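Novice: Based on the sequences and whatever the hints tell you, model everything.
Protein chains in written order, with my numbering: chain A, 1 to 63; chain B, 1 to 724.
Keep in mind the hints are simulated off the structure, nothing from the lab. One or more of the hints may lead you astray.
[As the list claims (entries may be wrong)] No farther apart than 30 angstroms at their CA atoms in a straight line, the calculated lysine-lysine pairs in the BS3-like style are these:
#: 1; chain 1: B; residue 1: LYS238; chain 2: A; residue 2: LYS58
#: 2; chain 1: B; residue 1: LYS471; chain 2: A; residue 2: LYS59
#: 3; chain 1: A; residue 1: LYS47; chain 2: B; residue 2: LYS384
#: 4; chain 1: A; residue 1: LYS58; chain 2: B; residue 2: LYS474
#: 5; chain 1: B; residue 1: LYS474; chain 2: A; residue 2: LYS59
#: 6; chain 1: A; residue 1: LYS36; chain 2: B; residue 2: LYS238
#: 7; chain 1: A; residue 1: LYS58; chain 2: B; residue 2: LYS158
#: 8; chain 1: B; residue 1: LYS378; chain 2: A; residue 2: LYS47
#: 9; chain 1: B; residue 1: LYS471; chain 2: A; residue 2: LYS58
#: 10; chain 1: A; residue 1: LYS59; chain 2: B; residue 2: LYS158
#: 11; chain 1: B; residue 1: LYS696; chain 2: B; residue 2: LYS195
#: 12; chain 1: B; residue 1: LYS378; chain 2: A; residue 2: LYS59
#: 13; chain 1: A; residue 1: LYS59; chain 2: B; residue 2: LYS235
#: 14; chain 1: B; residue 1: LYS716; chain 2: B; residue 2: LYS682
#: 15; chain 1: B; residue 1: LYS235; chain 2: A; residue 2: LYS58
These numbers were taken from a predicted model, which means no experiment stands behind them.
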Amino acid sequence: MKKEVIASMDMSILPTIGLLLFLAVFIGVFLWSFRKGSDLTYDEAGKAALEDGNIVSKKGELQ
Amino acid sequence: MSTDSTNTGHLEEFSYNDRITKWFVGATMLWGCVALLLGVIIAFQLAYWKFNLGLEWTTFGRLRPLHTNAAIFAFIGNAIFAGIYYSTERLCKTRMFSDTLGWLHFWGWQLIIVAAAISLPLGLTTGKEYAELEWPIDISIAVIWVIFAINFFGTLVKRREKHIYVALWFYIATILTVAVLHIVNSISLPVSLMKSYPIYAGVQDALVQWWYGHNAVAFFLTTPFLGLMYYFIPKAAKRPVYSYRLSIIHFWSLVFIYIWAGPHHLLYSSVPDWVQTVGMTFSIILWMPSWGGMINGLLTLRGVWDKVRTEPVLKFMATAVTFYGMATFEGPLLSIKSVNYLGHFTDWIVGHVHAGTIGWNYMMTAGMLYFLVPKLWKTHLFSKKLANLQFWTATIGLVLYMMSMWAAGITQGLMWRAVDASGRLVYPNFIETVVKIVPMYWVRAFGGVLVLLGFFIMVYNLVKTIQFANKNNKDQAEDVYAAPPLSAAKEEHGASAHRKLEGLPMLFSVLTLLAVLVGGIVEIAPSLLSDKFVEKAPHIKPYTGLELAGRDIYIKEGCYVCHSQQVRPTPSEKLRYGDPSTAAESVYDHPFQWGSRRIGPDLARVGGKYNDMWHFRHMINPRDVTPKSIMPNYGWLTKNKTNFKVIQKKLKVMKALGVPYTDEQIANAFNDAQMQAEKITKGLTEHGVPMKMQSKEIIPLIAYLQRLGMDSANAKKAIEEGQE
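Specialist: Pasting the structure below:
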């Protein structure tokens, strides 16, 4: 039964579905990334990556 | 010896486990030497066949899988782990979840590499490209990967930083997708401890295999390195990533699109047309996010271009990102069907792959190591001059590599399809197209030597750095850091939904997994669930026991790395090889053997083309029948004994996988195989071959080669005779 259903499907529709799906995801992510307040968030996130935390005690450093 | 402890006030003290990172760094250096050395060896083997040394363990067919596995999983794998552990701990402001799991991960992975280094030269292989390792090793890989995943996600969970930085997203996508790919592609039924057959056959196996193969490139060689790029370039440049917003769009587009691109490895093959179209379309779209990432990486360096000239770390990384841009431009180009027709099966693809692996992965790894080693050992680099020297040797070597492979690939591709005005092939002899490109093989091998030399220089430089540090710096204790716990982070008011999303690693992982699975399911599931893809063809019969044994020798010797078994539906292919391959013809092929490179001619229809004696002589010394051939000698096939006893078990396993062997065939497997071997050997004795050859491996191999394409040829003949 399952096999017949799949066999009778027109597979050539799948590429189009895939493309539309991607387009939806892309537009979605794009708009979402511009939501209100995102500038600040992204600014912080980008800067936070540069820090390792406050160093409390440093053990031996060579120059 | 975790030092996590609560401090007064809002700060917690902790330290990073850098010892494990150090060990992964060491393993990267070691396996990098091995992988590149293997590459150089097999490059010379193609330039001059005698470098195969006449030993079974050192022939091209067995060493090439060892080279690819060593490069991808040993060299690049260890580099990824080093970078991921180092950056994840720091991005999460916490020590890794478990030191013990970390060590298990480290030693388990090295053990797997050693198992691969032993089993592949012995010819223990599944015959699926980049997934050659046999089932016990596959299971170990899955276990170690899960240990890595637990350790990674555990670290995320105990993080002190609220936001999950974009590099971590790429790591998450890597860990989840590689697990799915590896497990789905490796499902097989064992015949013995070191031999198994995949559950998929023919078209299905091809689709699963290239979904895996392409995404091994995507999620092992690309996404983790993009994560590393997003961490180490800002770190080394001491400035935040150019556009964080772009990195988010980059991530979701890339992860969503990449998984669909696999079928571009199967253009003009017998997989359904619509699958090929999806593969091609998405590969072209892929150009966009790839370049988005490249631009983001390069623009992070704006304002510090002067440092790119002087600092090895930035120099290597900027170059890596540039090569990434080149490779991701070439990839979509090669996915266009008409371009693919020219490039596929040729060295152009080999050049393309190395633009990625050497240009992107090796360069990025070098940059990362130049950053990490001085940091981890708390010292400065031994010599910037040597780093510069490595940079130039590697870059020149890579350029020689790419140029020679372009020239070789395009030349050979054009020669294969050249047809004159009267409709005949201009170069009907395959060997003409080989001899023409052998000079390019020498150039490539020389380029490879330079790349390898560059790596040696780097290892020397880094070892010197470490030695200096160890000698002068007795204090090896870990630095102690402090950061507020996650619970202290204020819930911002009006924090939008995404902020919470990023705060939820698990939900984020599920979404990533979804994005990745959609493509795979749409492309592969129909072929697994429906019979429509493989039109029934009653004239296609399963292999006899002896032929199956021969097929396993074909796989064991890695003949598939030089020979395809897939005739494409074009006039020039028809003239050279015969009718296009059909899906029905490989329904019983567990695994499929369509191949990816034609260093030698396609073999899908080689059955009946020559007599048995031709094959016998050709296998012992190809130059005996085809002067100037670059195929290795396979003398040991006339000495190694065929294992007739295991044939029955093989048929049983095949039957369990759906190959229609009768109970009678299985019961008589041993005798039938002996009889077929006897018949073939009798024929050979007329040319002076001794009868004792009957028990040797060369006989089943000949039986297999002579069977290829014969079912269709016989059916065609029967129809033609019926019409007369």
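Novice: Hint by hint, say whether it matches the structure.
Specialist: Verification of the hints:
1. For the hint pairing B:LYS238 with A:LYS58, the CA-to-CA distance comes to about 21 angstroms; that is within 30 angstroms, so the pair holds.
2. Simply put, B:LYS471 and A:LYS59 have alpha-carbon atoms about 15 angstroms apart, close enough for the 30 angstroms limit, and the pair holds.
3. Our distance criterion of 30 angstroms between C-alpha atoms is met by A:LYS47 and B:LYS384, whose separation comes to about 29 angstroms.
4. Annotation: proposed proximity of A:LYS58 to B:LYS474 holds, straight-line Cα distance about 13 angstroms (limit 30 angstroms).
5. A threshold of 30 angstroms between alpha carbons decides the hint, and for B:LYS474 with A:LYS59 the separation of about 10 angstroms falls inside it, so the pair holds.
6. Among the hinted pairs, A:LYS36 with B:LYS238 is consistent with the structure: their alpha-carbon atoms are about 28 angstroms apart, no more than 30 angstroms.
7. Distance restraint check for A:LYS58 and B:LYS158: the Cα-Cα separation of roughly 23 angstroms lies within the 30 angstroms cut-off, and the hinted pair is therefore satisfied.
8. For the hint linking B:LYS378 to A:LYS47, the alpha-carbon distance of about 24 angstroms falls within 30 angstroms, and the restraint holds.
9. At most 30 angstroms may separate the alpha-carbon atoms for a hinted pair to count; B:LYS471 and A:LYS58 meet this at roughly 19 angstroms.
10. Distance restraint check for A:LYS59 and B:LYS158: the Cα-Cα separation of roughly 25 angstroms lies within the 30 angstroms cut-off, and the hinted pair is therefore satisfied.
11. Between B:LYS696 and B:LYS195 the alpha-carbon distance is near 19 angstroms, which keeps this suggested pair within the 30 angstroms criterion.
12. With a C-alpha separation of about 9 angstroms, the suggested pairing of B:LYS378 with A:LYS59 holds against the 30 angstroms cut-off.
13. Simply put, A:LYS59 and B:LYS235 have alpha-carbon atoms about 21 angstroms apart, close enough for the 30 angstroms limit, and the pair holds.
14. About 28 angstroms separates the Cα atoms of B:LYS716 and B:LYS682, which keeps this hinted pair within 30 angstroms; it holds.
15. At most 30 angstroms may separate the alpha-carbon atoms for a hinted pair to count; B:LYS235 and A:LYS58 meet this at roughly 20 angstroms.
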